[in-house]
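All chains should be modelled from the sequences, with the hints used to inform the complete structure.
Each chain is listed here by its residues.
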Amino acid sequence: MVNAARSSRAGMKPLLTHEIGSLAKPTWRVKAAAGRPLSEAEVEEARTWGARLGVPGYTELVDILGRYPLSAEERQQVKQWSSLYALRFFESAGLDVVYDGEQQRVEMYEWAVRHSRGFEARGPVRSFDEKYYTKAAVVGPVALDAPYHNDEFAFLAGAAKATLKIPVTGAYTLADWSFDEHYGPGPSHAAADLAVRPAERLAKRRAGRRQLVLDIARNVVRPNIEALVQLGATWVQVDEPGASTEADELELFVESFNATVEGLDAYFSTHLCFSDYRLFFPALEKMTACRQFCVGFANDDSRDRGRSAEQRPGYEIISRFRDLPYQPALGLGVLDIHTDFIEPPELVADRVVHAVEVFGDPSRVHVCPDCGLRTRTWEVAYAKLRNMVAGVQLARQELGI
Amino acid sequence: MQVSGYLHGIYPRSEQLVKVTRDHQRGRASSEEREAAFAADLAELVSLQSSAGLSYFSDGLLGWLDLFRPLAHACAALEPAGLSRWFDTNSFYRVPQVTGSDFTTVVERAIGPATPFPRVVTLPGPLLFAHACQGGPDLVELVGLLAKHVLRPFALRARAEGAALFHVEEPWPVTHETAPEEWRALGDALEALRDGLGATLALHTSFGDAGPVMGQLRKLPVDALGVDLVFTALDDLGRGWDVALVAGCLDARSSLVESVELTTKVARLAAEQTGAPQVLLTTSTALELLPQPLAAAKVRALGAATAQLREELEKW
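Chains as they are written, first to last, in our numbering: chain A, 3 to 403; chain B, 47 to 362.
Some clues are possibly wrong.
As the list claims (entries may be wrong) - Here are the simulated lysine-lysine pairs, DSS-like style, with alpha carbons at most 30 Å apart:
1) 81/A to 33/A
2) 65/B to 81/A
3) 163/A to 81/A
4) 194/B to 311/B
5) 311/B to 265/B
6) 288/A to 15/A
7) 206/A to 288/A
8) 33/A to 133/A
9) 133/A to 65/B
10) 206/A to 33/A
11) 65/B to 33/A
12) 311/B to 206/A
It is worth saying that the hints were derived from the structure and are not from the lab.
Spelled out as structure tokens, the structure:
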């Protein structure tokens, strides 16, 4: 039985602030986890941020980092310290809803794939600039090996002061970011014969892909989320940066989201980014189990001040989210995560006030970065988030909230 | 019939080069180590193309972060800005932002110096380039400006460095509705690019079905016309071609490596269908969407299919 209050999170405060997911892993965490020695400066970085963020008992971490080599147990402890640091990082920046910047995961795609059956790693593929991910091929029926976020969630649940929101990579993205050597063309190459008419070939591919996406939804992501809900998770963010990759598969993305979460007792949101968001409509009209869409907009917006539609070109599409019949909230991306530009609070306030004017209801507007901040330094990410919170405060004052 | 094979576009970096560039960014590798890693990848790519028996040598654009970036850096009026998705892939390019009206482009070097001859160079199609840009003049004018002031200086520089084949990657008209004035602008741009170039100009259409626009494509002033055979049916290619055919006959987005027999068959059927005077075999689009070992396997298959088709057509 689904708890209506829990799944709708009635009473959420207007202009609620949250992060999206990833945060850069500190050098001390990366090197210690890899068993490499740390420099004085790297240990000092842990000390400085520990004091700055008020991480309880951080000197214990500093002591561990001063040793070399570290035992397997100590290396695991360092990962948990990193998780705790990131949690405090978001909390002390003033966010209402937080997580740990995915400090205990390898990466959003690879972490899920490593804990599932039916995948084999194939090698690095560029995503953008100098950023790569290890792309896998689906080589057999997919299934969950073991729930892969339980340990980090249990750890964070015992440490967090603010509300937790768990980012979980969605089924469509996991499928889209993988090569398909099992569900689609198969290993015989027969269906890859380019002498066969494309319509016939592509129809086979499409049918295979549909089965792959839905199998990942039902057999990998859903059981993983079920385990989290049993542990007490109340807000799960299904990350789908790949959702709009294929314009003619938006309905499949929606179907996979519904198959992933339907009937489960938690508040479910989804994260979309760096896409032509017009493509999502009208498909999103059927995504009724989604209570919030957090979406990146600042990447396409002007840095000039102003609140009119003309002055906020990156936010042109938000009225389409407003008009969805089931009235979800919109997580408004106000920080461009691909630049070191620190958005001034006044610019954040302009973006927020513009969105509230479009929505006519501040309770349906939440505020967040465009995406995870892992490509920025902690210094830059922190400055951006602090300004985001300050900008929301300005907007609240102006709107009388 | 003359049969050639070549590699185009951005080639994936090795795991070692990925690691060194990442380490360099984080201050853990020196610039010398970074340069050495690039040189090692280029040497391996040259060796691969040579052993595969390809007809032209590509430098793999190993230093390019997307198909527009070096051009945007070289042009005074352009600046790489926000990220945008590269067609229906999980790869992103930086949108070239038009920030001024001075399109002067200074190209210091177009081709990796250790690349053997004859050389093939890849350029973004003028229509694709203009649509990818943000801001600036209207589209038709921008197509002309980019062709004349950005692509042509780059092409001339590449020609001076020994480029014999120019592969112009132009997916736009096979993936988007293209207005008549855009077709005219594309034709004019290609004319400007080709004028006095003294090398083969190939226009390749990837990511989409060229069948519906084959009539317009065949009117364009190019020496060779390319199709992505993952999306384009052989019997939609038409007959009686008077320009060379670029057959995109290996799927650059699939991790499954096609058999040489299958690839040869597809290229032969395309050649027979079109009656083109020359066939150039290549991949459907650039191999950057694959991990390097898989890309290398596709290059080997491409070379073997080229050799086999050459042999078959000689007998025929």
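Comparing the hints with the structure gives:
For the proposed pair residue 81/A and residue 33/A, the alpha carbon gap of about 11 Å is at most 30 Å, so the pair holds. A distance of roughly 22 Å separates the Cα atoms of residue 65/B and residue 81/A; the hinted pair therefore holds under the 30 Å criterion. Restraint check for residue 163/A and residue 81/A: satisfied, since their Cα atoms lie roughly 19 Å apart, inside the 30 Å limit. Taking the CA atoms of residue 194/B and residue 311/B, the gap is near 39 Å; set against the 30 Å cutoff, the hint is violated.
Our distance criterion of 30 Å between C-alpha atoms is met by residue 311/B and residue 265/B, whose separation comes to about 27 Å. Pair hint residue 288/A plus residue 15/A holds up; C-alpha atoms about 26 Å apart against a cutoff of 30 Å. Restraint check for residue 206/A and residue 288/A: satisfied, since their Cα atoms lie roughly 25 Å apart, inside the 30 Å limit. A C-alpha spacing of about 19 Å is found between residue 33/A and residue 133/A, which places the hinted pair at or below 30 Å, so the restraint holds.
This hinted pair checks out: residue 133/A and residue 65/B have alpha carbons roughly 10 Å apart, not beyond 30 Å. At most 30 Å may separate the alpha-carbon atoms for a hinted pair to count; residue 206/A and residue 33/A exceed this at roughly 46 Å. For the hint linking residue 65/B to residue 33/A, the alpha-carbon distance of about 15 Å falls within 30 Å, and the restraint holds. For a cut-off of 30 Å, the pair hint linking residue 311/B to residue 206/A stands: about 21 Å separates their Cα positions.
Figure legend: structure checked against the earlier numbered hints; hints not met, in rising order: 4 and 10.
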